[in-house]
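Engineer: Listed below, chain by chain, are the residues.
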Amino acid sequence: MNYPVWEVPLLGGGMLIAAIAVLHVFISHFAVGGGLFLALTERKAYREGDTELLAYTRKHSTFFVLLTLVLGAVTGVGIWWTIGLVHPTGTSALIHIFVWGWAIEWTFFVVEIAAALFYVYGWDRLEPRTHLIFGWIYFAGAWLSLLVINGILTFMVTPGRWLENQSFWSAYFNPAMLPSLLMRTGVCVALAGLYSLLTSSLMAQGEFRHRVTRYAAKWILAGTAVLPVGALWFMASLPPLARQLPMGGAAPVMIFTALGVTLSAIIVAFSLFGPYLRPQQFGTSYAALLLVLGIMVTGATEMVREAVRKPFIIYDYMYLNHVRATESDAVTRTGVLKSALWSSEKEVTPHNRLAAGEEVFRLQCRSCHTLRGYNGVLPLMAGWDEAYTDYQLSRLSTLKPYMPPFMGTPEERAALAAWLARLAGPPSPPPDALGVDGRPAANALAPAAELPVTEVKR
Amino acid sequence: MMPIIPLPDAVPVPAPIWLVHFLLLLTFTLHLVPMSFTLGGGILAAVAAFRGRRDENQRRLSEVIARALPSVTAFTITTGVAPLLFVQVVYGQLFYTSSVLMAWLWMGVIPLLIAGYYGYYACALAPRALGKHQPWVATASAVAAAAIGFLWVMNVLLMLSPEKWSGIYAQSAAGLYVNVTDPVVWPRFAHMLVGALAVTGVWIAVLSRAQAPVAPEFATWMRRQGIGLFTGATAVNLAVGTWFLFSLPKPALDLFSGGMTPSLLLLGLGILLGVAAIGLLRVHLWLGTAAIAVALACMAILRHQVRLSYVAPYFNPETLAVQPQWGVFAIFAVALVVALGIVGWMTVTYLKAGRKKEAGSAREASTTAS
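Quick mapping for you: the protein sequence lines, in order, are chains L and B.
Residue 346 in the numbering used here sits at position 86 of the first sequence, with consecutive numbering throughout.
Residue 1010 in the numbering used here sits at position 139 of the second sequence, with consecutive numbering throughout.
Next up, chain L with everything else stripped away, as it sits in the complex (with noise of 0.2 Å):
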């Protein structure tokens, strides 16, 4: 309502989101997980006087600086662009509530930029103790970077007693905060494993390549162990309706779900039958597909906890139309046009309907929908008229409980409905009200038909 809507066509705002956010999560999740394997896999070279593994951990700290300082960093400085301009009252919440919180997680990055750029370059000039503490400062900055961030996403799902009393404290140590920190460090872990087989299967050779590649399925081994743990516990910490949403509550959140697991069973079964048991046959392809398992599963699971989230971008906070839950009666008691800053239609007038249902739509509507690409509201509209529309925008959050009640006045509702018919076009007329040639009798579009298809499409 504060802030003027950006229309992303298609794609929604929401999947910029998710595409940018599903790519960050999973480089920078190894860029935790992949400290801690670069720092213990140097340190065993080291303790066994492996110079084949210590030539590896090198190859692989440059694959690993590339990756997750370039792609990884800036695809984190994209989430923030991309919420900012999709969700900007949602954004300028959590920056706000947790200023102190985003700077101290600066200065843990800080230190791990700057380790992971002395570790890389200081293979050949530093001493192999020195070299070894620069790897452990690393993984320090990143795992505590993780730390900060995940009691962030977490708060906006559980905020927990920060409702109450607004207390910094309250709204970190939320009741998500534990078990989603040891699901993502498993995640962690286990990245850390899937993506070393890939290097090893492209920079390691003969039996240090078999010896490598059963040591990095260990790791995905490891890291995957304490998922289904962290997984129950996660959701035993989420409310009522969002724990709901992914057992059948909503059919897409309840496929990703399934999607999530089984994927996930199947990187462990894949891990574990073939680079640690047959290490001997395993290849480049192999590890790429386990790659790709990966990023499949990194994608469904986020947007799971997304979707759990629904219908808030903060629990009982703030909807994700951005009305705060505390001014959502006024808005609808006021009318959204009114309510909003920016709306070019104040109030629907005989003469606005359409242009007025169409500004109620990008205020309500366009943070989570589009009109016919990604969750296209005119597709889930199939077969419905204006009133039936009309009849489903006014019991909206009770048909389907992951979206927020609609908010304005009955007017506004119905010219959304209006336009929003219109758009659809005519649905399928029953036999009785069709005229002799079989077009629509009259008035069937009486309220739409009126109005210049210009204004429609403005």
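Think about it this way: if two alpha-carbon atoms lie no more than 16 Å apart in a straight line, the pair counts; the simulated EDC-like pairs of lysine to aspartate or glutamate are:
| id | chain 1 | residue 1 | chain 2 | residue 2 |
| --- | --- | --- | --- | --- |
| 1 | L | K660 | L | D650 |
| 2 | B | K1003 | B | E934 |
| 3 | L | K598 | L | E587 |
| 4 | B | K1003 | B | D926 |
| 5 | L | K598 | L | E671 |
| 6 | B | K1228 | L | E387 |
| 7 | L | K606 | L | E671 |
| 8 | L | K319 | L | D384 |
| 9 | B | K1228 | L | D384 |
| 10 | B | K1223 | L | E387 |
| 11 | B | K1035 | B | D1053 |
| 12 | B | K1121 | B | D1053 |
| 13 | B | K1223 | L | D384 |
| 14 | B | K1227 | L | D384 |
| 15 | B | K1227 | L | E387 |
If you're looking for bench data, these hints aren't it; they were derived computationally from the structure.
Knowing the structure of chain L, use the given hints to seat chain B on it.
Structural biologist: Chain B alone, transformed into the frame defined by chain L:
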């Protein structure tokens, strides 16, 4: 008619506004140092690479810069994150609005940064593989850096022009506004670009010291090049800066008129230090560098004053609700000191180890550089 301006966030600011402003200015000034090299160094690396086809010193200069660029770019990003956080704390309602109005362009920063950053890494790690394309890759990366700078200038100016917003939004909600009609955009961008080249000159002079033990003649030449670049760019910037100054709208210009105003004194000090640095750099590198650092801080403060004058009719940051969270702030302060300590320790350890190796063997020194 009063322009539409979103309300500030309902959550109070967790520190006095002066403290947020202080951190904003401190981290922004810090950001200017690596940012200038990421942009100016990229341009110079590309120019030197082309000239290096016939001139050995230029080729080596290009190589030295190319090797430094990825790491410096990493710090451009890390030091840029902090001021972007603090600006959103106080000016979020302005910043998000202007960003939404030019959303697709603003999103462009991300792919440009990824492409330019990888370009710099390619030039640093695989110059031979790039072969004769290397100068072009460096050029493309430098152009990406400059484009990011231009997008930035467009957005931070649009953020200060609320009177334009509703007109832009009424035209289109597609987020495609290109803010080039603002008369301040071009001189401001030019001022920043030339300033980045000047600071790059100082970077070159400082980096030349690392060359002294292995190639003393080249180091002397490189140092002269750096100081020459600083001198030339600063001279040009006196003119560009004047253009920028007089392009500012009246309320901002008023900061510098009507007697010895603090802003005028600050501007005078900044210019004086910049000009003095031309001589200082020749006699004492670190003293000259320090003078430039102070000049940069002066300019950052002036930029802030100009920003306040722009928004004064609509918004006074001092009116924001404040509810300090000193406990968490203390943790941040400690974390910052510890982080700087660790980074400082790693830097010293790394440099010392390098000197030890150099003393050891020339072979190892060249491996380290690669």
